[in-house]
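Make the full structure from the sequences, and use the hints.
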Amino acid sequence: MIGIIIQGFLLSGLYALIAVGFTMIFSVGRVLNLAYGVYIMLGGYVYYVLAQVLSLPKIPSFLGAVLAGVAFGISTYLFLVRRLEDNPIAVEISTLILAVVMQAVIILVFSPAPRSMWPLVPGVIHLFGVTISKNIFLAMIVSWLVLGALLVFVHKTQLGRAIRAVSMDTKGSLISGIDSSKINIVTWALSGALGAIAGVFFATYTQLDPAMWVFPLIIAVAVVIVGGIGSIMGSLVAAHIVGFLETITTGVIAPELRGVFTLLLIIVILIIVPKGLLGREEI
Amino acid sequence: MKKTLLLWAIFAGLMCLLPLFASSGTLRVFIFANFLAIFAMSWDILSGYTGYISFGHPFLIGIAGYTTAMLTRHLGTPLFLSMPLAVLVTMAGGTLFFFPALRTRGTYFALVTLAFMEVTYGLMQVVKPSLTGGTRGLSGLPLLVTGAIPNYYLSFFVMFLIALGLWALTRSGLGTALSAIRMDEDAVKSAGLSTSKLKLFAFMLSALVAGIGGALYTHYLGSISPRGMFDINFLFTILIAALIGGEQSIVGPILGAYFLTFLLEYLRPYIPGAWRFLLYGVIALVVYYYAPKGLYSIFQAGANRFGKKTRRNGQYGQTT
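For the record, the sequence lines run as chains A and B.
For the first sequence, position 143 matches number 143 in my numbering, and the numbering has no gaps at all.
If you count the second sequence from 1, you need to add 1000 to reach my numbering.
Fair warning: there could be bad hints in the mix.
Capping the alpha-carbon separation at 25 Å, the derived lysine to any residue pairs in SDA-like fashion look like this [said to hold, decoys possible]:
#1 B:Lys1293 to A:Glu85
#2 B:Lys1003 to B:Ala1303
#3 B:Lys1128 to A:Ala254
#4 A:Lys171 to B:Met1183
Residues of chain A clear of chain B, computed beta-carbon distances all greater than 12 Å [stated by the list, open to error]:
#5 Gly8
#6 Gly64
#7 Leu98
#8 Leu150
#9 Asp169
#10 Ile175
#11 Ser181
#12 Val186
It should be emphasised that the hints constitute simulated quantities derived from the structure, not laboratory data.
Even for Gly, the Cβ is constructed at its ideal location relative to N, Cα and C.
This is the structure in structure tokens:
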């Protein structure tokens, strides 16, 4: 019992980190970026190349992964999404295509075989009689730190306030002189960075493989749908709902059912309460 | 209209003569192209026309495939019974699952259908593997016809009849009403039409075509597996065929399916298989970006220029 609670909190921290980058784009641009899972995959693979193939120290490798995420995030926006922005369905289709293309690229470069990644910090700690790896514990700490920093950023800085303004009312923010194109670029860069950070931890938690983008994407979509848009706190709560659901499913029922109940949650919520569990304005 | 019917007849005539001078290897490529065309048309009649993008078509095709596969395997049902039953189950099951989702707006519909496909994949591996064959699926299923030539004719005629039927239907008032939903659903509602009924109709039709295609495809391959069926790459191939060819045209998805299949076949000696999805995707992104109406619109523009067509094109270039 206590094991499930601790595991649930650890996993939820990771899920919150996975979801928040996806939520940001959804709240600012009102588009679903189905290529978001690619940022996570890219973060994992870039870290793997830098730290394990080139044997660089961990911190520069980590920064390299984040940079790759930022670059890919900005490119997705500039070269693909910007022209289709007023058509959310076109964005959905083209980002899904992009994700499959990137999966093919990863297969070409790294072969389809899964690879395992060394944990960022090896070893385990004991907490209330439950053994947990230091790595997933670090993931939770990083997740809380990143989310905290993000909260401060969007509430206390000029740029962060501008991002919130665009997400609340694009036209209104335009009238107040906010350059929404610049805000979009910043948001996509942030989303790429957050995805890559989440990706490094997600890859050490599971493994690297070319289809690894699908599961985090499902988690991110579920969190957005449960938690509603535009609120980092809402995402955090939703991430815990999804995280505990997953922990209970895989721990108590069957590990093969990973993701199934989360998907059912998405289906049920979208069909029964299309406005989202925690309330969300109509798009 | 008459001229276009003539074009359909010429197309059918040429395709019928094909086995006279094509090797059985080439015919197998055509067979795959025909099946892909059926799936892409099924996607088009729902998603291309009404704008409710389905990311779950493999789910529909899979229901049909698994129904007939399990009926023939476990109950020994003959094919002439199991295949129509599979189509009915696809229509009923699909409607039961997807119809509530049609209440949600376009973007969410895509997510719900994608989620359905992934859930089925997940459940397939744990629930009753004795029935569904679990991860490995079912193989050694009875074949409907054997040999390249009979299979070619079968797949072509089914594809051709479906194409002709859908083409005639979409050129009627019903087709106009469906594409109006894509443009402005509320306007269609205020014009006094029941959008729910129209969407249900488009969906049932799509499920019917997917069911026929899925059942035939399963008994052409003789095997079925969850990884081959409920897979993002399979969805991707269908989607790309429809998009490259040109959605909302019925003819487009056929063009797209043939184009994709043959492109892959001709490039096979030069590029290894792993490049396929990369190439598909890049072509699709480029076409989607620069010619959102696909190859069909490019051909049509060319035909109009050379054919001295004086009639003005409709908004979506569907005058033929």
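Hint by hint, here is what the structure shows:
For the hint pairing Lys1293 of chain B with Glu85 of chain A, the CA-to-CA distance comes to about 18 Å; that is within 25 Å, so the pair holds. Taking the CA atoms of Lys1003 of chain B and Ala1303 of chain B, the gap is near 12 Å; set against the 25 Å cutoff, the hint holds. This hinted pair checks out: Lys1128 of chain B and Ala254 of chain A have alpha carbons roughly 14 Å apart, not beyond 25 Å. A threshold of 25 Å between alpha carbons decides the hint, and for Lys171 of chain A with Met1183 of chain B the separation of about 23 Å falls inside it, so the pair holds.
The beta carbon of Gly8 of chain A is kept farther than 12 Å from every beta carbon of chain B, the shortest such distance being approximately 20 Å. Under the 12 Å C-beta cut-off, the non-interface status given to Gly64 of chain A relative to chain B holds; the minimum distance is some 24 Å. Taking the minimum C-beta to C-beta distance to chain B, about 7 Å, the non-interface status of Leu98 of chain A is violated against the 12 Å cut. In this structure Leu150 of chain A is separated from chain B by more than 12 Å, as the shortest Cβ-Cβ distance comes to about 25 Å.
With a minimum CB-CB distance of about 20 Å to chain B, Asp169 of chain A clears the 12 Å threshold, and the non-interface call stands. Every C-beta of chain B lies more than 12 Å from that of Ile175 of chain A, the closest at about 27 Å, which supports listing it as non-interface. Every C-beta of chain B lies more than 12 Å from that of Ser181 of chain A, the closest at about 19 Å, which supports listing it as non-interface. Consistency note on Val186 of chain A: stated as away from chain B, and its beta-carbon is indeed over 12 Å from all of that chain's, at 24 Å minimum.
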